[in-house]
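Work out the full structure: start from the sequences and follow the hints.
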Amino acid sequence: MDFIINGAQVTANVDLRTSLLDLLREHVGLTGSKKGCNQGACGACTVLVDGTRINSCLALAVQYQGRFITTVEGLGEGGALHPLQRAFILHDGFQCGYCTPGQLCSAVGMAGEIERGVPSHVTADLDAETMHLDHDELRERMSGNLCRCGAHNGIVAAITEIFGKESA
Amino acid sequence: MMPFTYSRAADAAAAVLQGGLPGAKYLGGGTNLVDLMREGIEQPRALVDVTALSSAIEDGEDGGLVIGAAASNTSVASDRRVRTRYPILSRAILAGASAQIRNMATVGGNILQRTRCTYFYDEAAACNKREPGTGCDAVGGFNRNHAILGTSPFCVATHPSDMCVALAALGATVQLRGASGERTIALTDLHRLPGDAPERDTVLKPGELINAVTLPPVAGRSTYRKVRDRASYAFALVSVAAVLDLDEDSTIRDVRLALGGVAHKPWRALKAEAVLRGGMPTQAAIRKAAEAELTDAVPLHDNGFKIELAKRTLVAVLTNLAGDVA
Chain A
1 MDFIINGAQV
11 TANVDLRTSL
21 LDLLREHVGL
31 TGSKKGCNQG
41 ACGACTVLVD
51 GTRINSCLAL
61 AVQYQGRFIT
71 TVEGLGEGGA
81 LHPLQRAFIL
91 HDGFQCGYCT
101 PGQLCSAVGM
111 AGEIERGVPS
121 HVTADLDAET
131 MHLDHDELRE
141 RMSGNLCRCG
151 AHNGIVAAIT
161 EIFGKESA
Chain B
169 MMPFTYSRAA
179 DAAAAVLQGG
189 LPGAKYLGGG
199 TNLVDLMREG
209 IEQPRALVDV
219 TALSSAIEDG
229 EDGGLVIGAA
239 ASNTSVASDR
249 RVRTRYPILS
259 RAILAGASAQ
269 IRNMATVGGN
279 ILQRTRCTYF
289 YDEAAACNKR
299 EPGTGCDAVG
309 GFNRNHAILG
319 TSPFCVATHP
329 SDMCVALAAL
339 GATVQLRGAS
349 GERTIALTDL
359 HRLPGDAPER
369 DTVLKPGELI
379 NAVTLPPVAG
389 RSTYRKVRDR
399 ASYAFALVSV
409 AAVLDLDEDS
419 TIRDVRLALG
429 GVAHKPWRAL
439 KAEAVLRGGM
449 PTQAAIRKAA
459 EAELTDAVPL
469 HDNGFKIELA
479 KRTLVAVLTN
489 LAGDVA
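Chains A and B, in that order, give the protein sequences.
Residues in the first sequence are numbered consecutively from 1, following the working numbering.
Residues in the second sequence are numbered consecutively from 169, following the working numbering.
Keep in mind that the hints were calculated from the coordinates and are not lab data.
Glycine is no exception: its CB is placed at the ideal position from the N, C-alpha and C atoms.
Be careful, since some hints might not be right.
[To be verified] The following residues of chain B were derived to be distant from chain A, with all beta-carbon distances above 12 Å:
| id | residue |
| --- | --- |
| 1 | 182 |
| 2 | 188 |
| 3 | 418 |
| 4 | 448 |
[Claimed, not checked] Label pairs and their calculated CB-CB ranges:
| id | chain 1 | residue 1 | chain 2 | residue 2 | range |
| --- | --- | --- | --- | --- | --- |
| 5 | B | 284 | A | 96 | 25 to 33 Å |
| 6 | A | 96 | B | 290 | 24 to 32 Å |
| 7 | A | 79 | B | 470 | 51 to 59 Å |
| 8 | B | 385 | A | 50 | 27 to 35 Å |
| 9 | A | 79 | B | 349 | 55 to 63 Å |
What follows is the structure in structure tokens.
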């Protein structure tokens, strides 16, 4: 199977039962994406496929051949941290760090959704042309990523600094 | 997980040829099926990937919309025409799952997702849906999330979809394709009540595929309201999808209602509609309609609260849609 992972061509000979998450962690050596619940409930495995965030634990790798996959290792450019990663450090957006790669990829995917005008459950006006990332929108849109340490205040602050209304 | 073969169907004709073989299952986004396979509850020998089939959302000839079954939940909820003409559908989809899952999940897969009854998932428990004839541990177990309408002694599971509740209220139809050709049925006729065969979720024939969903044109205001244990990312305790169309003199020209979280299928509330249609949407009429729909509800040990919750949610949604009239 052939994939494009963080910009690099990757070929892997794996069993059809392999999830995208296991492909990344066990076969490609990218252990940034985490296995939390392995059933789509926690979001620790979130990666971007063609810029769209998905739960890689629920994805069979075979379905994602030829797609552009971005993991936390590929968020920054040229070895530098992504601005959101710097903001997480600045705002203490983690304690144990296990959910962090998923939070980061999810937030980057969310920013793309906001840019494309994708509404959310708390969007009051479905007809609105543009979406804004206020506090309620952020909490709703990030609800697929759990943090059991309870670092949410720092996570919200970091995401708001980089993608929030103020920067739009 | 049991081993399986994998093929990616280029079109519906190819999919049906492969999907009709014994042990084959169609694969959309995989958000439910992959989980069930990992748990050993589903053990397909062949997966037929149908995500390359139509994901287009197109205007129907009659002013409605035709949605390809491979369209992602996010693309449907975001579609400008859906948001403007069918806010009930956008709202229902956005009330379900998480953004990551909505990005993966297809329309066809959402419709055919299986119950989240914990006894269905627990292989140590008796479950007629998972293993016909073994009994139902939910009936005498912890059944706070289970059904109150259309249940049987064999199964009290609920259908978990939010999207389907909106489709039921809208009077959507599903285009099916199988070995013997195509047919179109109402979404409300697709899912079954459990009866004595809860292992069959739908009336689909072996190998039959959902090709598209058609929304008829609708007039009036519509919305979807979901009541759940937390503010986001949880299945419904009760949900209400409602379309209300008022005349110039505020009599109800048309009303379409459906309930989620209460039955083995998305529950079209025809009794409540009959009470309301042609009358004024007064508080008295709305309450009478809610009472009528829940008359036949049967509570289990832990879910009696759903009867009152369903009534109150119906009343709240209809009152809101009726605006100043109610």
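Status of each hint after checking the structure:
In this structure residue 182 of chain B is separated from chain A by more than 12 Å, as the shortest Cβ-Cβ distance comes to about 17 Å. Separation of residue 188 of chain B from chain A is adequate, the least Cβ-Cβ distance of about 21 Å exceeding the 12 Å criterion. Every CB of chain A lies more than 12 Å from the CB of residue 418 of chain B, the least distance being 24 Å, so the non-interface label holds. For residue 448 of chain B, the non-interface assignment is confirmed: its Cβ lies about 28 Å from the closest Cβ of chain A, beyond the 12 Å cut-off.
Look at residue 284 of chain B against residue 96 of chain A: about 29 Å separates their beta carbons, and that is inside 25 to 33 Å. Look at residue 96 of chain A against residue 290 of chain B: about 29 Å separates their beta carbons, and that is inside 24 to 32 Å. At roughly 55 Å, the beta-carbon separation of residue 79 of chain A and residue 470 of chain B lies within the given 51 to 59 Å, and the hint holds. Between residue 385 of chain B and residue 50 of chain A the CB atoms are about 34 Å apart, so this pair conforms to the stated range of 27 to 35 Å.
Distance hint check: the CB atoms of residue 79 of chain A and residue 349 of chain B are about 58 Å apart, consistent with the given range 55 to 63 Å.
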